[in-house]
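S.K.: Residue-level listing of the chains:
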Amino acid sequence: MKIVVNGDPVETQETTLSGLLEELGLGGAKVATAVNETFVPVALRATHHLSNGDRVEIVAPRQGG
Amino acid sequence: MPEFYGTKIQSRMMLGTAQYPSPAILADAFRRSGAGIATVSVRREAAGERAGEDFWSLIKDLNVALLPNTAGCHSVREAVTTAHMARELFDTRWIKLEVIGHADTLQPDPFGLVEAARILTDDGFQVFPYCTEDLVLCSRLQEAGCKVLMPWGAPIGTGLGLNNIYGLRSLRAHFPDVPLVVDAGLGLPSQAAHAMELGFDAVLLNTAVARAGDPAAMAAAFANAVDAGAQAYAADPMPPRDMAAPSTPVLGKAFLA
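Line by line, the protein sequences are chains A and B. All residue numbers for the first sequence refer to the numbering used here, where the first residue is 1 and numbers rise by one. All residue numbers for the second sequence refer to the numbering used here, where the first residue is 66 and numbers rise by one.
Some hints here could point you the wrong way.
Said to hold, decoys possible - Some chain A residues close to chain B (C-beta under 10 Å, calculated; not the full set):
1. G7
2. L26
3. A29
4. V42
5. A46
6. V59
7. A60
8. P61
9. R62
10. Q63
11. G65
Said to hold, decoys possible - Counterexamples of contact, computed for chain A against chain B with all Cβ distances above 12 Å:
12. M1
13. T16
14. G25
What the hints assert, rightly or not - List of simulated lysine-lysine pairs, DSS-like, C-alpha gap at most 30 Å:
15. K2/A x K30/A
16. K125/B x K30/A
17. K212/B x K318/B
18. K125/B x K73/B
19. K30/A x K318/B
20. K212/B x K125/B
In case anyone wonders, no lab produced these hints; they're calculated from the structure. C-beta atoms are modelled at their ideal positions from N, C-alpha and C, and glycine is treated no differently.
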């Protein structure tokens with residue numbers, strides 16, 4: 001399955017958002033997620049199924065003004 | 066001291082966390098500023114990275130309230146989604162709502178701002194809108210549920226100070242009970258003092274401190290200026306006048322002509 005993660009194309013066999021995070025080495029990391037511009041809370045990641053072409057955003061705390 | 070959405074803050078300074086030369090200098094600047102609120106943001110995390118956790122541990126040690134922003138968002142949808150991600154990451158209902166309408170000036174999009182403020186308020190957020198000093202916009206934001214208003218002094222990062230003093234003074238007069246914060250555009254402590262002399266409740270700074278040659282010393286200078294301005298406003302300044310008025314009594318002056 002081809003998806004886009006933080007703007008970059010990614011090939012994955014994972015079918016859930018939580019599986020993808022594990023695959024990317026971000027399992028348990030302090031991150032928040034959105035799929036196709038919609039927020040997906042932590043509690044729903046395990047049941048959120050990914051589809052071909054999905055756009056996934058993974059963000060973390062950063063400096064800001 | 067200001068109160069935002071029922072939370073009393075023991076400082077009239079809010080300080081951003083971006084652009085410091087090092088994390089140690091950031092921490093030092095916060096200590097010297099006495100700021101009670103830190104603004105923060107969310108950005109992409111690369112695979113296998115833990116940059117977010119490093120920053121998280123740094124800001125937790127500052128022991129201040131956190132105000133996440135939606136910086137860089139140009140649409141209502143991305144601002145709303147960013148706010149939700151920030152709420153989960155920082156565990157706060159507070160959101161500094163930015164919906165940018167113009168790329169060169171970073172001027173807020175007033176229409177998108179009101180729409181996003183309404184959506185987020187309905188979702189349980191406590192919205193701190195980064196807005197202009199437009200009276201009608203500020204009324205609409207209040208109607209949308211905002212209990213704080215944060216007009217710019219000047220465009221973000223310019224250091225130009227207060228571009229529309231009349232507009233800011235009008236806001237204070239029309240919204241006597243709403244906490245008002247000058248957000249963006251301040252470059253010098255004197256400009257912060259001026260904002261406080263107008264009766265503003267707080268100022269939000271980032272670039273002016275972080276990009277100073279000595280950020281910690283500049284943070285201390287701003288803290289003094291903010292205190293001076295707030296004390297001056299509380300002391301009820303004299304009204305200005307156009308013609309001179311002698312301060313030394315005329316009566317009793319020796320006649321020597």
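S.K.: Run every hint past the structure and note whether it holds.
M.R.: Results of checking the hints against the structure:
Contact between G7/A and chain B, as hinted, is supported at the beta carbon level, the nearest pair being about 8 Å apart and thus within 10 Å. Hint status for L26/A: holds, given a least beta-carbon distance of 7 Å to chain B, under 10 Å. At its closest, the beta carbon of A29/A sits 6 Å from a beta carbon of chain B; the interface hint therefore holds under the 10 Å criterion. With 10 Å as the threshold, the beta carbon of V42/A comes within range of chain B, its nearest partner Cβ sitting at about 7 Å, so the hint holds.
Below 10 Å, beta-carbon pairs count as interface contacts, and A46/A has none with chain B, the closest being about 15 Å; its hint is therefore violated. Residue-level restraint check for V59/A holds (minimum Cβ-Cβ distance to chain B is 4 Å; threshold 10 Å). Annotation: A60/A was flagged as interfacial toward chain B, and the flag holds, the nearest CB pair being 2 Å apart, inside 10 Å. At a threshold of 10 Å, the smallest CB-CB gap from P61/A to chain B is about 5 Å, leaving the interface hint in force.
For R62/A, the shortest C-beta to C-beta distance to chain B is roughly 4 Å, which falls under 10 Å, so the interface hint holds. Taking 10 Å as the C-beta contact cut-off toward chain B, the hint placing Q63/A at the interface holds, the least distance being around 4 Å. Hint status for G65/A relative to chain B: holds, with the closest Cβ pair at about 3 Å, below 10 Å. No Cβ of chain B comes within 12 Å of the Cβ of M1/A; the nearest lies about 17 Å off, and the non-interface call holds.
The Cβ of T16/A lies farther than 12 Å from every Cβ of chain B, with a closest approach of about 17 Å, so its non-interface assignment holds. Listed as outside the interface, G25/A is inconsistent with that label: its C-beta sits roughly 4 Å from the nearest C-beta of chain B, within the 12 Å cut-off. A C-alpha spacing of about 25 Å is found between K2/A and K30/A, which places the hinted pair at or below 30 Å, so the restraint holds. Restraint check: the Cα-Cα separation between K125/B and K30/A comes to about 14 Å, which is no more than 30 Å; the hinted pair holds.
Distance restraint check for K212/B and K318/B: the Cα-Cα separation of roughly 56 Å exceeds the 30 Å cut-off, and the hinted pair is therefore not satisfied. Restraint check for K125/B and K73/B: the C-alpha separation of about 19 Å stays at or below 30 Å, so the hint holds. Straight-line distance between C-alpha atoms of K30/A and K318/B comes to about 76 Å, which puts the hinted pair past the 30 Å bound. For the suggested pair K212/B and K125/B, the alpha carbons sit about 26 Å apart, so the restraint of at most 30 Å is met.
Going down the numbered hints, you'll see the structure goes against 5, 14, 17, 19, while the others check out.
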